[in-house]
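Asks: First to last, the sequence lines map onto chains A and B.
Per the numbering used here, the first sequence runs over residues 1 to 245.
Per the numbering used here, the second sequence runs over residues 1 to 338.
Source of the hints: derived by calculation from the structure; they are not laboratory data.
These figures come from a predicted structure and were not determined experimentally.
Here a beta-carbon is modelled for each residue, glycine too, at the ideal position from N, C-alpha and C.
A hint or two may mislead.
[As the list claims (entries may be wrong)] So, partial list: chain B residues that the calculated Cβ filter (under 10 Å) puts toward chain A:
#1 T31
#2 T64
#3 A88
#4 H90
#5 A116
#6 G119
#7 K122
#8 F135
#9 L138
#10 E140
#11 Y149
[Claimed, not checked] Pairs of lysine-lysine, DSS-like flavour, derived with a Cα cap of 27 Å:
#12 K145/B with K122/B
#13 K122/B with K134/B
#14 K122/B with K154/B
#15 K274/B with K242/B
#16 K134/B with K21/A
#17 K21/A with K145/B
#18 K122/B with K2/A
#19 K2/A with K86/B
#20 K122/B with K86/B
#21 K134/B with K2/A
#22 K242/A with K86/B
#23 K151/B with K134/B
#24 K154/B with K134/B
#25 K154/B with K21/A
#26 K145/B with K242/A
#27 K134/B with K145/B
[Unchecked claim] Sample of chain A residues facing chain B (criterion: CB under 7 Å; computed from the structure):
#28 A6
#29 N9
#30 A17
#31 R81
#32 S82
#33 I244
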Amino acid sequence: MKHWIAFWNILLKDLRAYYLKPPNISWGLIFPLAWTGMFFIRSGSGLESTLSILPGVMAVSILFGTTSMLSVTVTFEKRNRSFDRLLLSPIPLWLLMLAKTSGAILFGILNAFVPVVMAALLTDLSAVNWSLVVPAVILISLASTFLGLFIAVSVSEVFEAQTFSNFFRFPMIFLCGLFMPVASLPVYLQPLSYLLPLTYGVDILHGAIRGQNHLAYPLSFGLIFLFCISLFLLSLRNIYRKWIL
Amino acid sequence: MTAITDSNQPVTPKAPIILVEGLAKSFGKVTALNGISFQVQPGELFGFLGPNGAGKTTAINILTGLARADAGTIRIDGQDCTRNPKAAQHLIGIVPDESNLYAELTGFDNLCFCAALYGMPKAERVDRAHELLKFFGLTEAGRRKFGGYSKGMKRKLTIAAGLIHRPRILFLDEPTTGIDVASARQIRQLIQDLHGSGTTIFLTTHYIEEAERLCDRIAFIVDGQIVLEDSVPHLLQPLQNKHVLLLYVLGADQQLASQMAEAFPGGQVEVAAKDQLRLEAETPIPLAPLVNFLAGRGREVTEARRPSHTLEDVFVRVTGLQVDMLKKEKEKSTGGGQ
Ligand SMILES: Nc1ncnc2c1ncn2[C@@H]1O[C@H](COP(=O)(O)OP(=O)(O)OP(=O)(O)O)[C@@H](O)[C@H]1O
Ligand SMILES: [Mg+2]
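Take these sequences, add in the hints, and give me the full structure.
Replies: Given below as structure tokens:
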């Protein structure tokens with residue numbers, strides 16, 4: 001019970017201090033809009049292509065929304081030492097880190113549904129399999145958040161966290177089949193795609209939204225779940241090794 | 001002071017509440033702690049006194065779980081915290097040397113947040129936060145953001161945050177460094193009150209007078225080693241039977257000192273500074289014969305002083321370090337040991 005009071009208040013504090021700030025809310029709206037607009041113009045096609053770009057825009061919104069927050073909620077707080085206060089409190093580290101990442105996970109999920117709402121205004125979404133979309137979005141958000149966490153705890157400066165996460169994020173847009181199928185990538189790049197969790201999440205979304213998945217759903221769900229666990233455990237290990245000197 | 005800590009907390013009789021053995025820590029080539037051992041009894045005010053870089057903060061960090069020891073064992077309240085620092089974290093409150101509260105939260109919200117970290121229910125958090133703000137005279141400031149506080153206010157709120165869950169053991173890392181005299185005095189009074197109410201306190205400082213005035217027991221730490229550790233009366237004991245007299249005599253020189261030493265056997269005479277003779281003996285030194293002796297040689301005693309022994313003398317004797325090492329820092333900061 002005591003732990004959950006702590007968990008909830010850490011989450012609430014982050015939501016108030018970071019996530020519910022106007023710049024963040026407008027970012028959550030503008031970012032998917034910009035991507036959607038960009039792809040319409042790029043493809044030169046009309047509204048009928050909305051469904052084909054929706055999975056990619058959803059994934060990219062989650063990816064950027066989550067990873068960009070961790071450099072603030074974790075690296076910045078470590079830098080100005082307020083994170084020490086959390087480390088000094090009698091909360092198990094795993095629970096503490098879940099509390100610190102829950103805000104980003106929720107933010108990622110909400111970010112994913114901004115383009116969905118936009119798409120609903122433009123096209124018919126009745127064929128979408130929501131019972132696949134929802135868990136996929138949650139898992140993509142978990143995986144992206146934990147990737148962001150892994151980066152945030154591997155460095156000690158905020159700018160390092162930001163640079164380092166771009167190093168992952170931008171290639172992932174192209175490697176993970178967001179807007180073009182993995183199969184259309186050069187053969188030597190394809191193995192790289194399958195080393196990235198987003199590939200599996202996006203594949204589920206392509207299937208759920210327009211029936212075009214390449215991998216079996218259980219396999220994709222299983223693998224992305226495995227990525228989540230591994231990234232989280234690796235992050236805990238990095239905190240032990242790098243932050244508790 | 002019952003308002004500030006819970007004096008009814010159970011204390012394990014006799015067994016040390018903090019037991020440290022062979023604690024060692026290096027950062028690359030720098031040895032921060034070189035195998036230190038010490039014990040703190042329940043309810044005791046234990047002081048770590050040492051110059052900059054002695055290893056005080058490192059010791060606190062390891063004891064509280066912010067850093068890991070290379071070697072050694074730590075037991076807090078009977079729990080083995082060497083591998084698992086979380087085991088005792090609910091018992092301890094920490095006031096770090098630099099504040100680590102949230103600049104963007106108000107004073108009140110900071111305290112409530114810290115209380116929540118220890119699992120306090122909402123109503124209790126709010127009451128406790130108000131109580132501490134009032135105690136520290138920060139009720140008004142409690143509505144403002146912490147980032148806009150003055151240094152002294154920040155320190156007070158940081159101490160309040162350390163006390164929020166009524167810890168049985170309080171770690172204070174240089175609580176009076178860098179703040180004004182009045183605030184420093186207030187904080188020292190608070191430390192004494194907490195001590196009076198039964199809280200075990202681990203205090204680091206580089207102010208000798210502060211350590212002497214507040215602590216039950218002191219460990220001198222220099223270069224990561226405890227060079228001496230004892231209760232304050234015991235530390236002062238060896239000096240108790242020593243009598244010192246300072247005489248200010250214009251043009252006092254070594255020759256005069258030797259003449260006096262001959263005339264008054266049983267003591268030592270030396271030129272301590274320009275125009276200043278220092279006499280030391282095992283028995284009380286009467287002043288009149290000395291003045292007469294000097295007058296007979298055409299010398300006038302302009303001033304005579306019997307300095308009382310302080311921990312400073314002990315520190316210098318034991319460490320061979322000049323107290324200036326500690327004092328320099330003191331002059332820089334506005335606070336001071338008084
Ligand atoms: N994170 C670190 N990395 C490298 N060296 C460190 C680190 N922390 C402490 N040290 C070194 O360990 C030694 C002890 O430092 P520590 O901060 O414990 O001293 P201190 O007694 O608290 O000094 P002060 O009175 O200045 O606060 C110093 O030489 C310091 O440079
Ligand atoms: Mg220090």
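Asks: Among the hints numbered above, which are violated by the structure, and what are their numbers in rising order?
Replies: 1, 8, 9, 10, 11, 16, 26
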